[in-house]
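Between the sequences and the hints, there should be enough to build the whole structure, so can you do that?
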Amino acid sequence: MEEKPSKASGESLVHHGSEESHQQSDIRKLWTTATLSQMNLNLPLSKVEEWSDTDGSSFCHQKSGVDPGDNNFKQELDEHTLSKLELHRGRSLGSNLEERESRTEAEKSSSMSSLSILKQTPHRAYWAEQQNRLPLPLTELMENEAVEILTKALQSYRSGIGKDHFLTKQLQRSIEGLKKRRNKRLHVS
Amino acid sequence: MKLKQGSFLWYLYLDKIYCLLSVRNVKALMEYFQLLDVHRKNTLNDVLFFHFLHHVTNLNRPQIMIIFDMLDWNAVGEIGFDQFYMLVCILLSHQNHLEEQFIYRHSRPVFELLDLDGDLRISLDDLKLYNFLFNIKKQELKELYHNFDITGDHRLNYKEFKLFTLFSIDKYQERQKAEKKKQHLLNKTVSKQGALFQSPPVLT
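In order, the protein sequence lines correspond to chains A and B.
Here the first sequence stands for residues 1 to 189, where the numbers follow my numbering.
Here the second sequence stands for residues 1 to 204, where the numbers follow my numbering.
To be clear, the hints were calculated from the coordinates, so they are not data collected in a lab.
Treat the hints with care, since some could be wrong.
Said to hold, decoys possible - Under 10 Å between C-beta atoms, here's a sample of chain B residues computed to sit facing chain A:
1) 50
2) 55
3) 167
Even for Gly, the Cβ is constructed at its ideal location relative to N, Cα and C.
Structure (structure tokens):
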């Protein structure tokens, strides 16, 4: 019902707050969570209104305290009390309509504000990347080149000092670490 | 000497006046250096250095080892980031034809690099050894020692070397001006010709 849009906005707010505390975390997480939270908000507003409609109708029935299907009960009542009840029901319906409208407007505004927050979120991620980190394409180029250079150096190490030397093993571990980072980045993208 | 197209260094650039990297470029270079520094000593040994230069340039093994010996000024068998940065600036100045500008702006560090034995003098043989890096032509080398060896000891001290850098930068700037004039004249003639073709002939 109305939980989903507010939950999405809550998530975006939490995400917005978490950015400040996790400034040093991988910039790629900022991008992926921004797109993930955006997916939840890809709801047409008509659906939001549908959920609020169902809410309103059930609320209407609860407020009037009358089960419209209960015909026996209606027959026992006077015409006066019936007309009074109908008036009361009409007023409650009207007020519920107003409440429903205001609620949908509030939901719309909350969804718009969360959308605007989401619009800002990728920009924050972009600027954080620009100021704190190197651009990803450059990092990728550097890592790929480093892997190629170190792989050739590994062959020289093996032929010069042997496979079992601790420097050769250290170099091998570095190459494996770089390759893992590269594969992780490819999976994330 | 040429940098490999598409390599990481190829995307860096020097400031044309001071012939140094910007802070952003230095930051990128530091990250790159740390990737190559697999032993976590803030240095590159001769093997890593060789494979790095061999990968990013077209230099052969003897030339690479000459550069290594030049940069290893403490004779520890390893290159630190300071020396690595110096090397990258030299490579980029060569790539972008800014050798004269670089030598003029950084005459003292270049002199100290070329002074292999530390006697505060540079011989002709020393300069010939590093000619592939600084792109000083053979004829210019002869002129250099003929015109600027004021003391007559067939070697250049720092003051004589500085005079040479001033002379070569003047020549470089004159060359640049002449090229600009040529280009300007060429553009003028081309635009004139274009205007002639476009305007319709006047019938009398």
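What hints, given by number in increasing order, does this structure fail?
Violated hint: only 3; rest satisfied.
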